[in-house]
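A.B. asks: Spelled out from the first residue to the last, the chains are:
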Amino acid sequence: MRHLLTIEGMSREELEDFLDLADEFLEVLDRPIPKVPTLRGATVATMFFEPSTRTRLSFERAARALSADVLTFAPATSSVTKGESLKDTALTLRAMGADLMVVRHSATGAAHRVAQWVDVPVVNAGDGAHQHPTQAILDSLTLRRHFGKLDGLHVGIVGDIRHSRVARSGLQAFSTLGARVTLIAPPTLLPLDMTGWPVEVAHDFDDVLADLDVVYLLRIQQERGGATGFTSLPEYVRRFGLDDARFARLRPEAVVMHPGPMNRGVEISPHVADSSRTLILDQVRNGVAARMAVLFRLLASPGEGT
Amino acid sequence: MIVIRGGSVLTPDGIVVADVVVDGEEVIAVDEAPAQPRQSPSAQVLDASGCWVGPGLVDLHTHLREPGQEWKEDIASGSRAAAAGGFTAVVAMPNTVPAIDEGHRARFVAERGAKVGLCDVVPAGALSLGREGEHLARFDELIEAGVRLFTDDGDTLVDAGLLRRAMEYLADRDCVIAQHAEDPGLAGGGHMHEGSVSSRLGMRGLPALAEETVVARDLALVELTGATYHVQHVSTAGTVELIRRAKAAGLPVTAEVAPHHLVFDHHEVESMDPNFKMYPPLRTPDDVAELRRALLDGTIDAVATDHAPHADHEQEVTFEEAPRGVIGLETAAAATITATGIDQQRFFEALSISPARIARLEEHGRPVAPGSPANLVVVDPTATWTPRRFHSRSQNSPFLGRQLTGKVRATLLRGRLTHQETA
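Line by line, the protein sequences give chains A and B. The numbering of the first sequence is the numbering used here, which starts it at 1 and goes up by one. The numbering of the second sequence is the numbering used here, which starts it at 1001 and goes up by one.
A portion of the hints provided could be inaccurate.
[Claimed, not checked] Computed from the model, here is a short list of chain A residues facing chain B with C-beta under 8 Å: (1) His-105; (2) Gly-128; (3) Thr-195.
[Said to hold, decoys possible] Not close to chain B: a few residues of chain A, all C-beta gaps over 12 Å, as computed: (4) Glu-14; (5) Ile-33; (6) Ala-42; (7) Arg-56; (8) Leu-57; (9) Thr-89; (10) Thr-108; (11) His-130; (12) Ser-164; (13) Arg-165; (14) Ala-167; (15) Ala-202; (16) Asp-213; (17) Thr-228; (18) Arg-239; (19) Leu-299.
[As the list claims (entries may be wrong)] Counterexamples of contact, computed for chain B against chain A with all Cβ distances above 10 Å: (20) Ser-1049; (21) Ala-1110; (22) Asp-1159; (23) Ala-1160; (24) Gly-1195; (25) Arg-1200; (26) Gly-1202; (27) Gly-1205; (28) Leu-1296; (29) His-1313; (30) Glu-1316; (31) Glu-1320; (32) Arg-1324; (33) Arg-1388.
FYI, nobody ran anything at the bench for these hints, they're computed from the structure. In this text, all values refer to a predicted model and were calculated from it rather than measured experimentally. Heads up, the beta-carbon is just placed ideally off N, CA and C, and yes, glycines get one too.
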């Protein structure tokens, strides 16, 4: 594997290779000195054209835990505001010695474009409403560690699916790993044409609630027009929020996940957010290990496991 | 004197194998099976065996970018591209900076074109002042300057009241209203066709209905006003059906299709290559099939390039951020042949005769006969080639690196060779 741009088309073996590696890196992160010299001398550049502190920090933490150096490209103070093209920005960072580029952008395909221009591996850290592959890997890792496997799990992804890259990459990973996926949203928040998608669809949360092993909640993507999918926020909370009453109806072994940042009181009640049955902080912790696995696979041993 | 020898020639009486003799600015003879090939020490002979010979191509839809955006294209570079593509006349879209909304601006474009002298550059006029959709452009001065086709192309004239007035006015002046049909509300800032691919890519989609609702509304206004109406770059099967019905009802309606819409569908966007970004967007394989059928059966009258140059550096961004449009002058003939397997008669109807009639160009689009203006093209319909580099100042073509069938061998404008290539 040369780049990590999308989950689409990835085999079960490729996904499990990342999960196995991430399991090993989780052990590293538990050590008194949570650092290995594997990528010493390598430079990882993070190019975040869309603000996202948590994902950028997670990648940088992963790079440093592998002893790589980090180049941080910060758009607020950069040449992007001076009219520099995406290509020139990418070539500039490459010329500064970046050995791998992590790209986050508000437009679909940004990482694909960068991969066409540079001769080093590119990791898609989220492109528009398209894909967020490392999120899908860390979520799969979290589910596998909690349940032992994904085979047979019923995962309900709830909310603004239409504008969600987390949903698009997640549903592909979960179903490839054997889970059953149901997308739960009103038609206005679902993709318009899901022909051939490995999912079921429910417009009523309460209909499927009691059948789920995993409730995966999404944030309303205000910045991509998510708020046009309903007529008032209280309406959304009433119909699709995981409130205390709905939480009480979940199966006892069911868990709650969220990619963050959460909006307490909207898609998730404060009580649920703080409950021991949410895996939200596990997702954050596992995210560092999952990204270590990706950086390792692309930089240290690109030939293996694919 | 130029003798185009042994080609398959489109004449008013049908297609014949003949030598076409050009002297000065005119065709002076079409010699079928000449017993004695015409000899003249000064004659230049072009071997056209195996080639189609017919009237020079006419493009109803060219963006030459001058005045205002000369880094993308100008009238000289665009004329070179046109000649290389077999065109002897192009209708220059008025969405320049400033827009062609006053007589002197149209005159500037025509005069620049004449000075370059590689093809006739025929200015189209804007429908609304500044293409802002609020007030009618200076129709009388524009008509005085030779404009016969009016469009706010690049944008849609949305205001139905203003469009009605434009139709009422122009119906009386033997002019054509051409519409870029895209309802802004339904288009919703979409970047590509709304469908299975846009849903998967998470890209905002532009539904087929954004085009079809505008065409349906405009056709009702045509019925009311009797204006001559032309649908630009038809992209959906639904629009084809609307045109088919309007023509059956006898409305004065014509339509064009762009070569890229005959060849590519929305799956190409998966490459994220901005050379597949245009408005209207690439649609579904079913739409592509229907467009091909409609071109061959005459429901769609013409192939028009929507040649829309953008500089390399403007393309070095994401698909969503890239500007709209692709170049097409140098690949239009080949793309049409490759996509449809069109025959010679229909080829010249679609790329020369119909567009010349729609744009009211009397010196173009005339079958080859003694006394007709020597605006001619020689096309080898079986030659294959792969575009790598274009005469256009911009290189934003979806056909780069794709093998095409059909090659323009020579172009003559009023008896002068404006393009020639050896076999």
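A.B. asks: Each of the hints needs a verdict: does it hold here or not?
C.D. replies: These are the hints, each one checked on the structure:
1. Below 8 Å, beta-carbon pairs count as interface contacts, and His-105/A has one with chain B at about 6 Å; its hint therefore holds.
2. For Gly-128/A, the suggested interface contact is upheld, since its CB lies about 5 Å from the closest CB of chain B, less than 8 Å.
3. For Thr-195/A, the suggested interface contact is upheld, since its CB lies about 5 Å from the closest CB of chain B, less than 8 Å.
4. For Glu-14/A, the requirement that its beta carbon stay farther than 12 Å from each beta carbon of chain B is met, with the minimum near 19 Å.
5. Every CB of chain B is more than 12 Å from the CB of Ile-33/A (nearest about 40 Å), matching its label as outside the interface.
6. The non-interface label for Ala-42/A is consistent with chain B: the shortest C-beta to C-beta separation is roughly 27 Å, beyond 12 Å.
7. No Cβ of chain B comes within 12 Å of the Cβ of Arg-56/A; the nearest lies about 19 Å off, and the non-interface call holds.
8. At roughly 24 Å from the closest C-beta of chain B, the C-beta of Leu-57/A stays outside 12 Å, upholding its exclusion from the interface.
9. Non-interface status of Thr-89/A relative to chain B is broken: a Cβ of that chain comes within 12 Å, the nearest being about 10 Å off.
10. Not every CB of chain B is more than 12 Å from the CB of Thr-108/A (nearest about 5 Å), against its label as outside the interface.
11. The Cβ of His-130/A does not lie farther than 12 Å from every Cβ of chain B; its closest approach is about 4 Å, which violates its non-interface assignment.
12. Taking the minimum C-beta to C-beta distance to chain B, about 8 Å, the non-interface status of Ser-164/A is violated against the 12 Å cut.
13. With 12 Å as the threshold on Cβ separation, the claim that Arg-165/A sits away from chain B is violated: the shortest Cβ distance comes to roughly 6 Å.
14. Chain B draws Ala-167/A into its interface by the beta-carbon criterion, the shortest separation being 9 Å against a cut-off of 12 Å.
15. For Ala-202/A, the non-interface assignment is confirmed: its Cβ lies about 18 Å from the closest Cβ of chain B, beyond the 12 Å cut-off.
16. No beta-carbon of chain B comes within 12 Å of the beta-carbon of Asp-213/A; the shortest separation is about 26 Å.
17. With a closest Cβ-Cβ approach of about 10 Å to chain B, Thr-228/A is found to fall inside the 12 Å limit, against its non-interface label.
18. Non-interface call for Arg-239/A relative to chain B: holds, since the shortest CB-CB distance, roughly 22 Å, exceeds 12 Å.
19. Remark: the non-interface label on Leu-299/A is consistent with the geometry, its nearest Cβ contact in chain B lying 24 Å away (cut-off 12 Å).
20. Look at Ser-1049/B: its CB is around 43 Å from the nearest CB on chain A, clear of 10 Å, so calling it non-interface holds up.
21. In this structure Ala-1110/B is separated from chain A by more than 10 Å, as the shortest Cβ-Cβ distance comes to about 35 Å.
22. With a closest Cβ-Cβ approach of about 25 Å to chain A, Asp-1159/B is found to remain outside the 10 Å limit, as its non-interface label requires.
23. For Ala-1160/B, the shortest C-beta to C-beta distance to chain A comes to about 25 Å, beyond the 10 Å cut-off, and the non-interface label holds.
24. For Gly-1195/B, the condition that its CB be more than 10 Å from all CB atoms of chain A is violated, with the nearest at approximately 5 Å.
25. Not every Cβ of chain A is farther than 10 Å from the Cβ of Arg-1200/B; the closest lies at roughly 7 Å, contradicting the non-interface assignment.
26. With 10 Å as the threshold on Cβ separation, the claim that Gly-1202/B sits away from chain A is violated: the shortest Cβ distance comes to roughly 3 Å.
27. With a least beta-carbon separation of about 7 Å from chain A, Gly-1205/B fails to lie farther than 10 Å from that chain, contradicting its non-interface assignment.
28. Non-interface call for Leu-1296/B relative to chain A: holds, since the shortest CB-CB distance, roughly 29 Å, exceeds 10 Å.
29. Not every CB of chain A lies more than 10 Å from the CB of His-1313/B, the least distance being 6 Å, so the non-interface label is violated.
30. The beta carbon of Glu-1316/B sits about 4 Å from the closest Cβ of chain A, which is not more than 10 Å, so the claim that it is off the interface is violated.
31. Its beta-carbon lying about 4 Å from the closest one in chain A, Glu-1320/B breaks the requirement of being farther than 10 Å from that chain.
32. Every beta carbon of chain A lies more than 10 Å from that of Arg-1324/B, the smallest distance being close to 15 Å; the non-interface claim holds.
33. Listed as outside the interface, Arg-1388/B is consistent with that label: its C-beta sits roughly 18 Å from the nearest C-beta of chain A, beyond the 10 Å cut-off.
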